[in-house]
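J.: One letter stands for each residue in the lines below.
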Amino acid sequence: MAPGEPIVKDSPFFAALDCFVQKAEFRAVNEASLARIMEIGGLPGRKHEMFTFVRIRPHIDTPFQPKFGVDSLSCNTVRRLVYHGCEKSFLVIGDGVFYPGLSDISAVREELTVRPLIDAMTEVGQRLRDAAAATNDITAAMNGAFCSGGLAIGVKAGTKLSAPLQIIVYSTSANERLNATFPAVTLDLGEGAKAVVIVKTAGEAGAYLSNALFDLRLGVAATLDWAFIQSDDAAAIHLANIRMTAQKYARFSGVTACKGSRMTRQHHECRLQGEGAELSLSGVTILEKKEEAHHYVRVHHEAPRCQSRQHFKNILSDNGHSSVDSCVTVHPDAQLTDSNQLVNNLMLSPDATADNKPWLSIYADDVKCTHGATIGKIDEDQIFYLKSRGIPEERARALLTTSFAQSVIAAIPQVDAALDARDMLIGKLEAKGFGVN
Amino acid sequence: MLEINRLRAGYGEAEILKGISLTVKPGEIHGIMGPNGHGKSTMSKILIGHPAYAVTGGGVTFNGKNLLEMPPEKRALEGMFLAYQYPVEIPGVNNAEFLRMAYNEKRKHEKLEPVDPLDFDELLNAKMKFLGMDSRFKERAVNEGFSGGEKKKNEILQMALLEPKVAILDEIDSGLDIDALKVVAEGVNKLAGPGNSLMIITHYPRILQYIKPHHVHVLIRGKIVRSGGMDLAEELETTGYDSYLKEK
Ligand SMILES: Nc1ncnc2c1ncn2[C@@H]1O[C@H](COP(=O)(O)OP(=O)(O)O)[C@@H](O)[C@H]1O
Ligand SMILES: [Mg+2]
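Taken in order, these protein sequences are the chains called A and B.
Using my numbering, the first residue of the first sequence is number 123, and each one after it goes up by one.
Using my numbering, the first residue of the second sequence is number 24, and each one after it goes up by one.
Just so you know, not all the hints are guaranteed correct.
Taking CB as the label site, the calculated pair distances span [said to hold, decoys possible]:
#: 1; chain 1: B; residue 1: Glu162; chain 2: A; residue 2: Asn462; range: 47 to 53 Å
#: 2; chain 1: B; residue 1: Arg29; chain 2: A; residue 2: Asp440; range: 52 to 58 Å
#: 3; chain 1: A; residue 1: Gly555; chain 2: B; residue 2: Pro114; range: 50 to 56 Å
#: 4; chain 1: A; residue 1: Ile497; chain 2: B; residue 2: Val138; range: 54 to 60 Å
#: 5; chain 1: B; residue 1: Glu136; chain 2: A; residue 2: Thr184; range: 28 to 34 Å
#: 6; chain 1: A; residue 1: Thr184; chain 2: B; residue 2: Glu167; range: 43 to 49 Å
#: 7; chain 1: B; residue 1: Glu167; chain 2: A; residue 2: Lys479; range: 24 to 30 Å
#: 8; chain 1: A; residue 1: Leu458; chain 2: B; residue 2: Glu167; range: 27 to 33 Å
#: 9; chain 1: B; residue 1: Gly80; chain 2: A; residue 2: Lys554; range: 20 to 26 Å
In silico BS3-like cross-links for lysine-lysine, where the CA-CA straight-line distance does not exceed 30 Å [claimed, not checked]:
#: 10; chain 1: A; residue 1: Lys499; chain 2: B; residue 2: Lys41
#: 11; chain 1: B; residue 1: Lys131; chain 2: A; residue 2: Lys554
#: 12; chain 1: B; residue 1: Lys97; chain 2: A; residue 2: Lys499
#: 13; chain 1: B; residue 1: Lys235; chain 2: B; residue 2: Lys213
#: 14; chain 1: A; residue 1: Lys550; chain 2: B; residue 2: Lys41
#: 15; chain 1: B; residue 1: Lys205; chain 2: B; residue 2: Lys131
#: 16; chain 1: A; residue 1: Lys550; chain 2: B; residue 2: Lys235
#: 17; chain 1: B; residue 1: Lys150; chain 2: A; residue 2: Lys554
#: 18; chain 1: B; residue 1: Lys88; chain 2: B; residue 2: Lys152
#: 19; chain 1: B; residue 1: Lys188; chain 2: B; residue 2: Lys152
#: 20; chain 1: B; residue 1: Lys97; chain 2: A; residue 2: Lys554
#: 21; chain 1: B; residue 1: Lys213; chain 2: A; residue 2: Lys550
No lab work stands behind these hints, which were simulated from the structure alone.
The model shown is predicted, which means the values in this text are computed figures rather than measured ones.
Positions of the beta carbon are idealized from the N, C-alpha and C atoms, including for glycine.
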């Protein structure tokens with residue numbers, strides 16, 4: 123690990139700690155995280171291997187105000203964010219705190235357990251603490267250092283959720299300061315359990331810092347269809363850590379759709395721990411102006427006969443900057459690993475930047491691993507083919523651009539969430555004159 | 024309908040077409056024959072406005088208008104159509120949606136309302152059935168992973184939907200087995216009529232047994248070296264192109 127710059131006592135980070143009102147239930151996690159921040163050498167500089175493509179420091183070492191709970195959040199605001207099909211199966215986190223009163227899980231009440239994280243710390247505190255003590259990611263450690271709320275969700279063995287569960291993570295913005303929120307969500311699927319879970323992050327217009335952690339555990343033969351719709355305000359800083367462990371024959375299928383923002387970064391750390399576990403993770407990002415969106419992905423094959431598939435697609439215009447730094451590690455016992463990683467970038471502007479680093483670290487011999495990345499423009503032969511059928515140039519370009527994103531959007535496991543992602547992403551293209559209709 | 028007048032064209036420095044003249048009248052079927060590499064595909068792509076080629080001399084009029092000045096999409100809307108020798112694959116674009124989009128562009132050009140999607144689906148089903156195309160080709164991406172024959176059928180399907188005035192079919196028989204060829208030829212013949220014209224490009228005379236041309240031309244080294252009727256095609260079937268290639 124490249125050394126970072128030590129956090130100096132008068133840094134904005136420490137100023138935030140000074141005014142941080144710790145909750146007793148979270149003390150152990152907060153302290154383990156802070157100790158870890160000191161241990162890993164403070165705030166990462168540009169040479170830090172985890173932030174090769176991301177200038178993260180200005181977004182962390184900036185004056186911010188840890189915030190727990192919203193001053194006001196109306197039912198109407200929440201309603202607008204709830205997907206059709208989730209009206210009776212959604213949970214609301216507002217500025218880092220779970221609001222049962224704003225949530226409705228009547229459709230699935232018998233099928234899962236939902237508790238405010240603060241009430242579940244006796245059960246999940248240790249694992250959050252262990253993870254905090256081991257993380258190399260400053261953003262995860264930061265979540266742990268300030269974490270004071272969130273959700274603990276459990277789906278019992280053999281249970282299939284009869285409706286998709288939506289988790290809304292909402293942030294508010296203030297003029298005079300940068301609101302910062304640090305919720306954590308634990309989700310445990312028992313043996314053979316099945317669930318569709320959609321996270322939607324959103325917030326008020328303006329700047330805020332949203333740093334959420336998701337700790338997902340899939341028991342034997344559990345199935346999780348997961349989608350993450352990042353629709354924060356363009357001025358927001360969006361940081362997310364998604365940890366996933368899968369036991370034997372468990373299947374995780376995740377899609378992350380990112381609108382991007384001033385700084386968007388997601389870190390997926392996935393561990394296939396039981397034989398035959400499967401992971402599929404795809405991402406779609408559309409950026410414009412000076413927006414950024416970065417994916418840092420670590421997939422660990424720790425058991426034999428596991429399969430992982432990754433596919434990230436980025437469409438970049440103006441000065442957009444994306445990166446995908448994705449490593450598949452095949453541990454010594456993980457024979458017959460089957461993995462692939464693919465990153466496709468569509469560049470609409472010469473000033474945009476797409477950094478790609480799909481790579482492998484293999485310690486077993488009988489494995490099938492592939493990886494690749496492409497950076498391209500719209501194919502002119504395809505444009506001509508469409509034009510020669512009477513389709514005007516602009517529509518041909520729009521069609522090819524939107525369809526580039528569409529294959530990942532179509533993988534979102536819930537209809538209305540897929541439509542939302544489509545509107546959110548394709549809407550940006552349409553506003554730039556790439557409209558098909 | 025289409026008048027090609029001493030057309031010269033090529034790629035950058037290389038001149039491929041060296042003065043082609045050809046008049047295609049409404050209702051006529053022309054067979055353009057010649058060995059591989061002599062400029063048949065180049066000619067067809069120039070006629071639909073492919074940007075890779077530069078016209079260096081001569082001209083083309085289409086219904087009295089200067090064809091070479093029209094952008095490709097305009098040519099298509101005015102009724103020029105090429106069934107490509109090598110149709111491009113367009114991953115991610117649904118075939119049926121693409122077909123409907125093209126169909127609606129044509130309707131728009133004719134100042135008609137967009138087609139009702141259900142009506143279009145019916146129309147599409149009927150055309151596909153006639154061409155012996157499985158309906159799953161509606162849901163596939165345009166040409167992606169299609170076999171050679173399936174791509175050719177998809178080209179003819181587009182022709183059947185767009186009903187062009189001048190359709191150029193470039194090696195439409197390659198990749199088709201004899202049964203598929205008969206189906207495709209039947210489809211093409213059905214579209215032929217007094218108001219529209221066909222140019223059948225082929226290096227292999229077989230297809231002209233099924234789509235009978237009124238005129239046959241031999242294109243060698245970028246020039247039409249001989250023109251005739253159906254008898255010329257029959258002659259080429261037995262003699263091949265050797266005698267033309269020897270001539271300088
Ligand atoms: N993209 C290209 N760039 C340069 N030359 C080309 C290209 N495509 C074809 N040619 C050349 O143009 C000539 C005519 O090709 P083409 O029109 O495809 O012949 P045909 O269709 O009669 O087989 C050939 O010599 C071929 O090599
Ligand atoms: Mg050819």
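J.: Broken hints, numbered, in rising order?
T.: 1, 2, 3, 4, 5, 9, 10, 14, 15, 16, 17, 18, 21
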